[in-house]
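Chemist: The primary structure of each chain is shown beneath.
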Amino acid sequence: MNSDLDRLIHLAAIFAMLSMLAVGGGTAVLPEMKHMTVLDNQWLTAREFNDYYAVGQFVPGPNMLMVSLIGLHVAGWLGAGVVMLAFFLPFSTLMFFASRAWDRFADSPWRIAIEKGLAPVTIGLMLSGVYAVGHAAIVAVAPALIAIAVALLILFTKIKAPWLMAAGALCGFLFLS
Amino acid sequence: MPGVTPAGPGQTCGPLRVGLLEIFGVFLWIGSISFGGGAVGYLRQSIVLDRGWLDDKGFLSGLELSQTLPGLNATNMGVYVGSRLRGVMGAILAVLGLILPGLALVLALGASYAVLQNNEAVLASLHGVAAAATGFLFAVAVQTGREQLVHWQPLIFVVMTFVAMSILQLPLVVVIFGLGGFSIWLHRPRSGKTGKLEAPEGDDR
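Protein sequences, first through last, are from chains A and B. Residue numbers for the first sequence follow the working numbering, beginning at 55 and rising by one. Residue numbers for the second sequence follow the working numbering, beginning at 7 and rising by one.
Chain B on its own, in the form it takes in the complex (with noise of 0.2 Å):
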């Protein structure tokens, strides 16, 4: 592969050598001002346009990773670029940046829920911004699943992983295991040409 990396995997002391104290600074900035969800944009810029610390190949087969894996999208990254740095503890400094300041803020947010939670007014806006959350969502599902909204053969997917948590109320596990492994035994590598689906029915086991 052409081109270096700052730091390759397992490689902790690359050619840039970040200090803890300095990637733990940078990521608690980013969790204390990522209102809305936004992280990963504000990491991109923190990381990738003003430090250099990867570059935009680097950053985004780390998005590609952490969103195939479990977890949160903003902690992923964070592991996976904290990791490259520094190691473990680059991972955790990261991770803990991240998730602080929000932390201490809901904390106190709940804190203050439980004297209120009895306050007409506190009910009726919390009301208010359990709607709207709900809207938020959903746009970010639409946002997010243009590609798989639009074509019949991830639609079905979608659908039937809906009906199967929403409707039919299977466990999550079931769910995962059972459509997920399906829907990636049918898009399994296969000797000669891959891409197009055939679709037996069958079992993934």
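Excised from the complex, chain A in its bound form (with noise of 0.2 Å):
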């Protein structure tokens, strides 16, 4: 009983704490998010985690649902709602709040700077977050061929997401099993 509170609890201060990190959005904090529920705390195994990110890929709304579902892995329903609060309360709450003050720094040089300055660092956690995705995806050349197809296709096409999904779904079930 004390340790599925314990559980709780751990899970809702890294959720929490990813969630004030998640600079440029959840892709920059998959990195940490699998090394801390996959590797620190061995919640779930790297291909869990993948399954479920991909499980993700298919929904509306907001990218990062999946953290629910990591949530109900590793303590049922009450786990999947403590993710979900921790993960977006703290930066909604902060939001709120400096929603209020933004316009005031409108032409402070401040609020370039830190534009401009967070701006790369962005990316490369961006990228960072595709290398921990790719990582366990790419294990052989026909899923490298998926990406690579599906990375040309959104760049150069007009072809949205969801196709390229079910795509990829379609290209799985007929060559990765």
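In short, the hints are calculated from the structure, not lab data. Among the hints, a few may not be true.
What follows is a set of in silico ranges between Cβ atoms, one per label pair, in the way DEER data are often shown [to be verified]:
(1) A:V193 / B:A120: 22 to 28 Å
(2) A:F159 / B:A127: 24 to 30 Å
(3) B:G58 / A:A194: 47 to 53 Å
(4) A:G135 / B:G187: 32 to 38 Å
(5) A:N95 / B:D56: 16 to 22 Å
(6) A:L206 / B:A110: 30 to 36 Å
(7) B:Q123 / A:R61: 56 to 62 Å
(8) B:V156 / A:D161: 24 to 30 Å
Where is the CB? At the ideal position from N, CA and C, for every residue including glycine.
Reassemble the complex: the two chains are provided individually, in unrelated frames, and hints are given to aid placement.
Modeler: Pasting the structure below:
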């Protein structure tokens, strides 16, 4: 009983911390999230983490709703609720208070410094997120070809991502089993 | 500042009085149809063009803030728009509307995964999706980082961040406060001209 509570508190602490570090969106915290849930706490396997990430690609709304699946996996429905609150509440609260002050700093040079300074770090973090997902997903030639094809189609055509995810599922079904 | 925005910061009963249910309804609709991470595009269409709840300038200013602060762009924009229209309740309902449809679906899919995770065909399909998602994320990073990837100064920070996170596996806090702080410091406002980087070696603390 007590260890259940401990686990919920631990989950809440980890996801609340990730929430405040998600500069540039959810992808930035994927490597850290994977590290903490898979390696540090061994709550789930790397394969399960990646599968949950893949499942999360199929739903509308903000990405990273897959965090609820980690909560569900680790501590049931209560865990899913705790993780959702712990992840979405901190940055939303910060945004709430910051948006009231933001316009007053419209012409502040510090606003520009922060935007410009953080931009490249954000991109680096996104690429680390790609690496974290790709490291486990790209284990042979066939998945590498799928990834390259999808990247090129997104960059050079107007095909929407969900269709490519569906195509990825079909290719996986045909070639990866 | 000339022009009247629909509702200024902290001013919850501006000239536009939008019902809480209407806010929830609009965000719930966007939360239901924005497959593939295009929520910000749908938000602009719905909030700026269709309803005029914000003008383009206000929307862009909110988007800049959403990208600078931690958090997901879509939900941060929900907080921004919701709080301008109806304060705390507006913000809460906007975020709930964005999240609930996808959350219900992902939990349903996740519960089926628990049953099907030893099924060969399901696993192979998911591995295909994981590979596709890798390509998708990479393309998004390249599109978002167009500016940062073609100039050598920001590119150095992109590479250092990647190496620190993925190769050296430093903790994220260290990377954000160390490299992020250093990078902001290099762009710090100075008396006289801003812009050029002299990049002196040193720490930001």
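Chemist: Each of the hints needs a verdict: does it hold here or not?
Modeler: Going down the list of hints, with the structure as the test:
no.	hint	result
1	A:V193 / B:A120: 22 to 28 Å	holds (23 Å)
2	A:F159 / B:A127: 24 to 30 Å	violated (54 Å)
3	B:G58 / A:A194: 47 to 53 Å	holds (52 Å)
4	A:G135 / B:G187: 32 to 38 Å	holds (34 Å)
5	A:N95 / B:D56: 16 to 22 Å	violated (45 Å)
6	A:L206 / B:A110: 30 to 36 Å	holds (33 Å)
7	B:Q123 / A:R61: 56 to 62 Å	violated (21 Å)
8	B:V156 / A:D161: 24 to 30 Å	holds (28 Å)
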